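Chains as they are written, first to last, in my numbering: chain E, 7 to 413; chain A, 3 to 477.
Hints may contain errors.
No farther apart than 30 Å at their CA atoms in a straight line, the calculated lysine-lysine pairs in the BS3-like style are these [what the hints assert, rightly or not]: (1) A/K224 with E/K11; (2) A/K353 with A/K145; (3) E/K11 with A/K353; (4) E/K278 with E/K11.
Chain A residues, not near chain E, derived (Cβ > 12 Å throughout) [unchecked claim]: (5) L103; (6) L142; (7) Q461.
Honestly, the hints are just simulated from the structure, not real lab data.
None of these values were measured; they are calculated from a predicted model.
For glycine and all other residues, C-beta sits at the position ideal for the given N, C-alpha and C.
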Amino acid sequence: MLDEKAQLVVVGGGLAAYAAALAAARQGIEVLLIPDGGKSWALFGGSFAARVQTQSEPFEALVELYASAAYPLVAAKPAEPFVLPTTMGTVRAADLTPEEFQAGDLRRPDPILLVGWRELPAFSPAWAAAAIRQRLVEWAGRSGDGSAAPTVLAGTLAISQVLPQLLSGHTPVDGDYPGFNWRALAREMEQPESRRRLASALNQALVKADLPRPVRQARDEGRLRVALPVVGLNLSQSVRREVYDLTGLVLCELIGLLPAPGGIRAKTILDKALVSAGVAVRPGWKVTRIVAGEKPTACGRVQGTEEGFAITGEYLVLAPDLATDPLSCLAARLPHDFRQAEGRLVRAGAALYLYTDDKGKMRPVSGGTHAFLWASGYQAGQEAAANLVGRIDTQAAGGSRVGECGR
Amino acid sequence: MSLTSLSRESTVCQESEQSLESLVAADACLRCTACLAACPLVEVLPHYAGPKRLGPDLWRQQQAPAVEDGAGGGHGLFTRRLPDPLPYDLDLCLGCRRCNLACPSGVEPARLIALNRLSGRHRHERKTAFRDWFLGRAYLLGKAGTTLRPLANVMLPTRPVRFALHHVMGISGERVLPPFANRRFSSLHQPSPRPQLPAAPDTRRSGPPAAAECGRGMLSRKVVYFPGCQVEYYEPELGELVLNTLARLGVETAVDEVACCGLPLIANAWTKAARDQVTANVERLLAWVENGWDVVFSSSSCGLTVRHDYLSLHLIPPNLREAAARVAEHVYDLGSYLLRLEQDESCRRGKQVQISPNKASGVAKHLAGIGYHTPCHVEAAAQGRPWLTLLRRLPDVEVVDLQAGCCGIAGTYGLKREKYGVARAVGRGLQQAVLALDQPVVATECETCRMQIRDLVPQAQVMHPLQLLDGLCFV
Chain E
7 MLDEKAQLVV
17 VGGGLAAYAA
27 ALAAARQGIE
37 VLLIPDGGKS
47 WALFGGSFAA
57 RVQTQSEPFE
67 ALVELYASAA
77 YPLVAAKPAE
87 PFVLPTTMGT
97 VRAADLTPEE
107 FQAGDLRRPD
117 PILLVGWREL
127 PAFSPAWAAA
137 AIRQRLVEWA
147 GRSGDGSAAP
157 TVLAGTLAIS
167 QVLPQLLSGH
177 TPVDGDYPGF
187 NWRALAREME
197 QPESRRRLAS
207 ALNQALVKAD
217 LPRPVRQARD
227 EGRLRVALPV
237 VGLNLSQSVR
247 REVYDLTGLV
257 LCELIGLLPA
267 PGGIRAKTIL
277 DKALVSAGVA
287 VRPGWKVTRI
297 VAGEKPTACG
307 RVQGTEEGFA
317 ITGEYLVLAP
327 DLATDPLSCL
337 AARLPHDFRQ
347 AEGRLVRAGA
357 ALYLYTDDKG
367 KMRPVSGGTH
377 AFLWASGYQA
387 GQEAAANLVG
397 RIDTQAAGGS
407 RVGECGR
Chain A
3 MSLTSLSRES
13 TVCQESEQSL
23 ESLVAADACL
33 RCTACLAACP
43 LVEVLPHYAG
53 PKRLGPDLWR
63 QQQAPAVEDG
73 AGGGHGLFTR
83 RLPDPLPYDL
93 DLCLGCRRCN
103 LACPSGVEPA
113 RLIALNRLSG
123 RHRHERKTAF
133 RDWFLGRAYL
143 LGKAGTTLRP
153 LANVMLPTRP
163 VRFALHHVMG
173 ISGERVLPPF
183 ANRRFSSLHQ
193 PSPRPQLPAA
203 PDTRRSGPPA
213 AAECGRGMLS
223 RKVVYFPGCQ
233 VEYYEPELGE
243 LVLNTLARLG
253 VETAVDEVAC
263 CGLPLIANAW
273 TKAARDQVTA
283 NVERLLAWVE
293 NGWDVVFSSS
303 SCGLTVRHDY
313 LSLHLIPPNL
323 REAAARVAEH
333 VYDLGSYLLR
343 LEQDESCRRG
353 KQVQISPNKA
363 SGVAKHLAGI
373 GYHTPCHVEA
383 AAQGRPWLTL
393 LRRLPDVEVV
403 DLQAGCCGIA
413 GTYGLKREKY
423 GVARAVGRGL
433 QQAVLALDQP
443 VVATECETCR
453 MQIRDLVPQA
463 QVMHPLQLLD
473 GLCFV
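Okay, chain A solo, but in the shape it has when bound (with noise of 0.2 Å):
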């Protein structure tokens, strides 16, 4: 057998096996709807074909006529053919993750949608495919725009250009971007060098550390942050605030390589480019944990989808997949990684101690109340709303819990010109949670919510939480 055959062997060994696991979650599908109930876009939308039908129905669909050939009949349950739209309707899921939380029997319907969306078995004729490739490469939009900056920044908002975006690029003029920023990150924090592979894998990090047990587990306190496409080429007054912040709390910082995380590319379906990306990002990132430091991101997608996308949509092959995985177990929103920082904290003195501001920063010095959204991608990741917790320890300020379900921008989804409506028309909810506010102050830790609070209230002022929380300390 030749070297060709074989590698085509197992590529399709890895496929077999990918179709049968996630054929199994479709399987747990009783098609109770709980997802329909919980999707924002079966309300707005009325012809989406919903969570069920685009996540475990076309599953089963797909492996309906081998059975029915193999059984020499079978009994059709599943077999009739899912129109032609669907195709179409799989690049309508905002990958809210809403689904899964709702589904009773852990189907995870995103994760089937997206793998659907990935296989590209089902992908219709791309009339914007030039736009799509584009955003799915977003980072080239920052660097263009960094390097091109203070001309794009002046030309971005006008007319002409919003008018081009719209019906050349198919990018909504509608749509307010945010600016660039006078300079990159990685010009103001040149990477750290990268440690090299340990010979043998560091054994006392086999797992992450407990939670709330004292005297074993503690984190390493040491800890490479992954800025991000936003930090780097929009805000890098925000990776300035981790670093200092991090810095402040006793533990030691180095900056990765700026690199996207993936997510773009995944959520426009470019599934070579972004098994490339996953795994530059695995094998660049798996050098840092090994030698015992954490990973922290201050944008809550690129952390979801580091510690989860990666490897529950086959993203990895198969022999980086326990790295992967052990990569996962490292890596953290700066959220959580504070308070987990403030537990072991705790443990070492003996005593209880708190991550508090020691007061107030920016526009909450003047403010008796903000409101705090939380992103789809912190709700689907189950770990809480850190920085909820952390925001309601500001002094004299009263924190607001919106609870509005999805913003709706969904990334690159709210960017494109035929989906502008649609993330406006979902976020309407959050949109009224806002202007319900005395003072229309926002806090949420996702760059694309920030975004799209802004268009839906403009007079809104909307940060990241850590721009509100001035020194932060061990109190």
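One chain only, chain E, in its complex shape (with noise of 0.2 Å):
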């Protein structure tokens, strides 16, 4: 059975609902979090783009807490988004990245050297390579600039010769390594004897590569950058700023791979801080139906599928995220009387970019991206919580509201 109650409720998965969540807590407010309708941090490249802002500092409080992790975030000019390299051979744009990813900018001119692994087939640097220099030459011919365009190169390394401890005991079927995942290599890159070993075989390749005499000078210089499918997980500032003292190489990372390091790293961010603001996360919970205003004194109350159990709260928050799951979102299944609910029930983040269509039904507005919604997600959950914590009682917080709220 089912019965929590909490000052404010919020529902969704995704970067709005944990901004709005983080940001109640940290006002003293009883926070529980449903992370239903959203899941999709596993697909998040970890950059946020900022064309859909419109606030004047908009990623301030995200750099804030970013920064609170040791993990820096660099923003780009206004109008000038970083492009940086994907591993299937795209770019992408953005406003405010991690260092990592900021590295590989492509508007730079120093060369970049795509470096992919063996054993992780899911990257192919030869073919991104070509993909990204045939990009650069489209984006030159448009621009009519080309001289700016970095070089970009490829080459592959083997964890057997580099990291064969991870590879131990396994045995390669048809010369593959099919089980292998990157998550297990970026934690061992962290390992300071595995970065010295990385440093050292990077060294090796370059010496006995023929490398064209300008990205032989940018190496010379600490120019060259080297970007490889995944830099560490939780710390990779570490690893970059030692292989660049043991090298002279500047380390990046593509966007791209699955699941994704950013998300996983921006996750584990926003978790850590929940946890420390007190935030009860409620992962697994399906909500199905939500009754809001059924009289003025009744509390926001969110039903589930199993026992019909109850999550109660005076106010809502719902932030239900469009980017996996578009046609079941729990902002499509929102009953009218969500308006009645009189200033307790507040929408953010992808529900920004929903409209209701003539027969009444909640529709996700056509031409919206994935990279709009995690641009203005942190900063809709945070107004979220702001419209609210006036309105909320922060010293009646902690267990004396037990049926006060619509039993």
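Put the two chains together into one complex; each comes in its own frame, and the hints tell you how they fit.
If you want it as structure tokens, here you go:
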């Protein structure tokens, strides 16, 4: 039987929901977060675009949050987004991004070497480099300025030679390691000895390689960038720093590996922040019905599927995520009576991109993109919390309210 | 048609139905990798194929050759043979079900993995068959240990015994095993006589009572307690506490015959034995349920197995499916039952009442704070954290929700020699969370989580939440 109460219930599993929960909890409000309706962290590359931002300092809170986790974000100049390479050979624009992605910015002229791992078949550096080169040519053709385009090269390392301990006891199948996953590789790269081995392997490979003269020059001047599909997991900054100290190579990370390292890092940062702020997170609860504003004194109430459990909160933030589940997302299931909630119910995040059609059904707007959603999510969540914070009595938190909410 | 072939046909039909149902579930997979991001094993095992490949991908692959043959070609999208190491990977799955929680499409990869494992089609040659057979029947160890105690308790921690366990049995010699109880629970409380199945089912109990609705669907206040192996062989005092608590709250109690819920057999893929055990359990529990009794478990994993796995893993013969569903409707974790009882009592009295401890008991008397660890199976049940709610009613004790993920032990998994290190690596987050407490005192309702926390942090005091709550009564 499920029966939990909180002053504020936040429903949603994306950035907006996390931001709303965090902002409210930091104001001393009892928050229950139900991460239903969004599981897209695995698809979130980790960078943010600002195209739909409306405020002058859109990312301040995000930058602060990341900085508190010792994982700094870098902001692009207004209207000059970073152009980041991906493992698929495409490029992605970003206005705010972690340092390891920003280092791969294709607007910079420094040559970039895409390096894959032979045992990690999800990324083919030669194929990606060719595709990126093609895009750079098209780009230069459109802008009329090809001089600044960086040289893009490709190479491959073998885990069996650089980090053999990762493969010990495992027999290849047809020369392949199909079960190999990047998260274990990332963790291994964070070990001091492994970092040194990686640096040494890169050094040796570059010594042997027949590099074009400008690339060799960049290498000598400490400007050569090496892009890997993943550079550590939680200690990526340390890996980059140590490799640079040992080799003079600028390590950067490519967007595109799945599940996305950037998304996992972002979720780790937010999870830790939620725990330290005292937010109760309840994964696995499926919200099927929302009844709000049944009568003026009633509390918001979310009912779930099993045994008619009830989650009771005075206020609700609904921040469903359209990225992974656009058809059956929570927002599309919202009944009309949520409008009668008299200021107790606030939508945030992806829900901002919904409209009500002629038949009164909520529908996602066309043309919205994944990057758009992630860009605005954090701010939208914060705004949702700010809308409610003034109305919630923080002194009343802490179990004394049992029985006051709509039994 | 002979009876034999009829019976075989029926089995084939049943299997086809299961395959189809599972394939439909697998087809909902978008391959978004959300399950991989949530899987605690993926982070510690370089070669672990992960829930996506072992669950939905493997189901699709099984069906693909038939589709190709029938269509005279096929697109080949999912027809690439998955490689040989996969069967071993199937054994690596912890069964924590975090992938189920992460999946945006409701695929339940952990269930598909369990089905793949139980199907036996991908079974690799078991080099540890005897060990797995033995751990699948963990009650045997309990029986032997309680029969031979106190000698068993003296011998178990000694080096020669650990050496033998490690090298002969394949049970990790480093694992700290719990001591056997001086007396079995069944010797303290004889199983109550089981009621006869009524001639006609009780239609008043066609489903679980609705929550939070006064005036209808209240609990029957008759509870049969399923002690499980842990209480029977290791913690009979916990069983005593459960019965005393329920009696104090005005609930009529009975004790069911001691039996394993079947989870170790399922986890170790002893399919036939698991089916036999499950069938016996359902037949036994049905007699209670049909006579108006609810079934209460103090172990969250046992409860979830009976409520969820019996049906979802197709362990029940077709003629007993309805019975299993009916039993599942009346199975409660003790914490959930207590909160439900509280609601009922509020309705009955027409005013709000709470089940609260009148004081902290045991070590909690001397503490300012304790940590609470949520077992994966409690998260997977998605029924809240009743014990956390109850613990937070302790006067003058701060309860920290550790929110540190999977502990890593996964039942008998963490006892195995080759998996002990994996279990510890997965539990590193929890270890750090416990060490960060002012005083390492942790409450959790899962017995193997308790075992793992003791292993991860030897100085920690770990107990069932009920053992910290003294004199629960209506207030």
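Cross-check of the supplied hints:
1. For the hint pairing A/K224 with E/K11, the CA-to-CA distance comes to about 28 Å; that is within 30 Å, so the pair holds.
2. Restraint check: the Cα-Cα separation between A/K353 and A/K145 comes to about 47 Å, which exceeds 30 Å; the hinted pair is violated.
3. Between the alpha carbons of E/K11 and A/K353 the distance comes to roughly 18 Å, so the proposed pair stays at or under 30 Å and holds.
4. The hinted pair formed by E/K278 and E/K11 meets the criterion: a straight-line CA distance of about 22 Å does not exceed 30 Å.
5. For A/L103, the non-interface assignment is contradicted: its Cβ lies about 4 Å from the closest Cβ of chain E, within the 12 Å cut-off.
6. With a minimum CB-CB distance of about 31 Å to chain E, A/L142 clears the 12 Å threshold, and the non-interface call stands.
7. With a minimum CB-CB distance of about 23 Å to chain E, A/Q461 clears the 12 Å threshold, and the non-interface call stands.
Against the hints set out earlier in the document, violations occur for numbers 2, 5.
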